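Spelled out, the chains give:
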Amino acid sequence: MSETGTQTVRFVRDTMLPEAAPPASQSGAVKWLRENLFSGWLNTILTILGALVLFQILRGLVPWFAHSVWNAQTLGECRQIIAETWGEGARGACLAVVRDRWTQWTFGFYPAHLYWRPVLALVLLFAALAPILFSAVPRRLMAFSALFPFVGYWLLWGGTIWTPVVALAGFVVGYAVWRGMAKRNALAAVLLAVAAALVWWLFLAGPVERALAGVAPLALESVRSSSFGGFVLALTIGVSAISLSLPLGIMLALGRQSDMFLIKTLSVCFIEFIRGVPLITLLFTASLLLNYFLPPGTNFDIILRVIIMVTLFAAAYIAEVIRGGLAALPRGQYEAADALGLDYFQAQRLIVLPQALKISIPGIVSTFIGLFKDTTLVVFVGLLDPLKGITDAVRASTDWKGIYWEPYIFVGFIFFLFCFGMSRYSMYLERRLKRDHR
Amino acid sequence: MTKTVFFGTLTVAGLAAGLASAATLDDVKARGELNCGVNPGLVGFAAPDASGNWTGFDVSLCRAVAAAVLGDPQKVRFVPTTAETRFTALASGEIDLLARNTTWTFSRDTDLSMDFAGVNYYDGQGFMVRQDLGVTSAKELDGATVCIQTGTTTELNLADYFTANGMTYTPVAIQSNAEGEQQYLAGGCDAYTTDISGLASTRAAFADPENHVILPEVISKEPLGPAVRHGDNQWGDIVRWTLNALVAAEEYGVTAANVEDMAANSPNPEIKRLLGTEGELGAMTGLPNDWAKHAIAAGGNYGEIFSATIGEETPIGLARGLNAQWTQGGLLYAQPFR
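Residue numbers (my numbering), protein chains in the order written: chain A, 1 to 438; chain B, 439 to 776.
Hints in this document: simulated from the structure, not taken from any laboratory.
Treat the numbers as computed from the prediction; the structure is a model and nothing was measured.
Some hints could be false.
Chain A regions said to be covered by chain B (calculated; three or more residues, Cβ under 8 Å) [what the hints assert, rightly or not]:
no. : stretch
1   : 40-51
2   : 231-242
3   : 362-375
Here are a few chain B residues that sit away from chain A, every Cβ distance over 10 Å (derived from the structure) [as the list claims (entries may be wrong)]:
no. : residue
4   : Gly482
5   : Asp487
6   : Arg515
7   : Leu550
8   : Tyr599
9   : Tyr690
10  : Arg758
11  : Leu760
Here a beta-carbon is modelled for each residue, glycine too, at the ideal position from N, C-alpha and C.
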């Protein structure tokens, strides 16, 4: 508005018009519907078809869930309650089976008075994972993360505390040897450290453990592997295999990129062999074939055998995922590392791997999710996985024989929680590590 | 942690390799526990309850053997075995005894190097159909769709039966009993075929058992029995005679409740020999003389086990049929204890 000429203007609006709502067809739900669902005759038809399918599915599912029964002792009782409440011929979910047997799906045949141990192990697992997963947690807690495998083993399997302590001591022995020798010859130090640790584990650990157990018999009631089942088993195998397969996978990926012929060949052979064989084959090998080679009466823990096989299997896949990340790095990054005068390990640790791993996060997490779900395959070697092993055991009781979908839905839901959690974490991690250039 | 256990086990393996493999009986006694391979879940035959205690018809046999050998029916470790792993588990020594509703066949006895210690359940394959199908005989099933578990003897029996009768059928492959029930109930197949005992327990769990009939034809022989490894005859004898002792106990009226009384007061010399009051039968197999007494006290005689796990008083409701004593028109015929 200018100062001049104001007198000549007959009418000047001195207030702003209030903002009017946009026309009904251009806002809100109507606009959204028009744009997303009915933006053309083809899309309109597809929308209607989709709605019909959805309606059909829900028409079956909603009453089924709405008629669900939580309080019953047997399947027959469930059916009776549904028939009484909703009329003859009504169908409903008998979720009472979950209420009745959820401890079995969770703990397998773990002794009931010891349920606190797997629960505590799970809580400690989250405590141990926190410093690894979230940068806001103090770094010092990493020490606990390193100790957790031993604590977790002791809590789950029980027995004398000296077993994990002596096992841990092997690492201390190796580290001490390495520190003592590192100044003189780096390679020799590593080899000697490994040798010292092996000597400790193979020949000294047993007697030392017995001696210590004799002096201070600190022990938890021991639980055998055959008592493991359900989600305790799935998580034990899943978490161990995930945490072991990542470092192994990184080593294999680097080995495959190596210039050294032997290392490269071995890595390639290993990766291609494992990827070429179904996991079930490996599990059968672990559980059955191995028994023929080991002397009769050998008690080579079945869960341990399965963990080893699942780890090897996942490691091969992770190696390939990380190789993809390595290949995506521009050549210049390697050359820059060389130009800075970094040696091979420094270059990998400081320049190459942080970038390659960041690129590989989605692939690595998919592999982990796949691995966790694959733990249900252990049912084929007679372990009681939650999906089929425990479910079949529950169905084999006369109370619950004939139940079909409810256990699958329950177990599937729990698996979904874990896998969805992993997936969300990986997205969070990607966002946090996001740099402007990608 | 895992490495330690791994290397520790390798060491143990190395040490154990030095020792010659001992007889199964000695192994079991040294271990203080019987490793018994069972079905991971088959109604009435083997199933863990909510607290992990195993019960069932096959399980009772494991307990009887443990009681005979170790004097305690609780000293059993039940190893769930799948249809695929059961024979290897036995051959590799992971289990001492396989009591997993396994059919005694020629090739399993010879080629797979197993020894069947006897038959604890005479089963046979049959058909179940819906009442409203109006079928009263398996001979009327021409052109039917049949739900059949893959990779079992039942699959082969079915093919044999339909070929022999000049009929055709469409198989619907299923993986497990639970899946078969689901398919059958959903109308995926006209008839469901498996062992009669399985059909009976399946039907008992239906919401409307009265609308389904089990056809009278039994198209195969399925003698189910406990199996041990080939080559350890002493162990095979122990399992065979434990089973015989349970059967004989029913024949002579020895039960879990009166076994002590019978051992002390029975005038029948056969019962005396069976229960170890007279003679040295136990010593001949390397067991204490009162082994059979322990075995019977564990879960009762054959008849008691049958009626407690799968008999007519249970929801499964199987009649004795072929599994009655020979004196009752059945096939159970324990060899004499002499």
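Against the structure, the hints come out as follows:
{"no.": "1", "hint": "40-51", "verdict": "violated (count 0)"}
{"no.": "2", "hint": "231-242", "verdict": "violated (count 1)"}
{"no.": "3", "hint": "362-375", "verdict": "violated (count 0)"}
{"no.": "4", "hint": "Gly482", "verdict": "violated, 7 Å"}
{"no.": "5", "hint": "Asp487", "verdict": "violated, 6 Å"}
{"no.": "6", "hint": "Arg515", "verdict": "violated, 6 Å"}
{"no.": "7", "hint": "Leu550", "verdict": "holds, 14 Å"}
{"no.": "8", "hint": "Tyr599", "verdict": "holds, 27 Å"}
{"no.": "9", "hint": "Tyr690", "verdict": "holds, 30 Å"}
{"no.": "10", "hint": "Arg758", "verdict": "holds, 19 Å"}
{"no.": "11", "hint": "Leu760", "verdict": "holds, 23 Å"}
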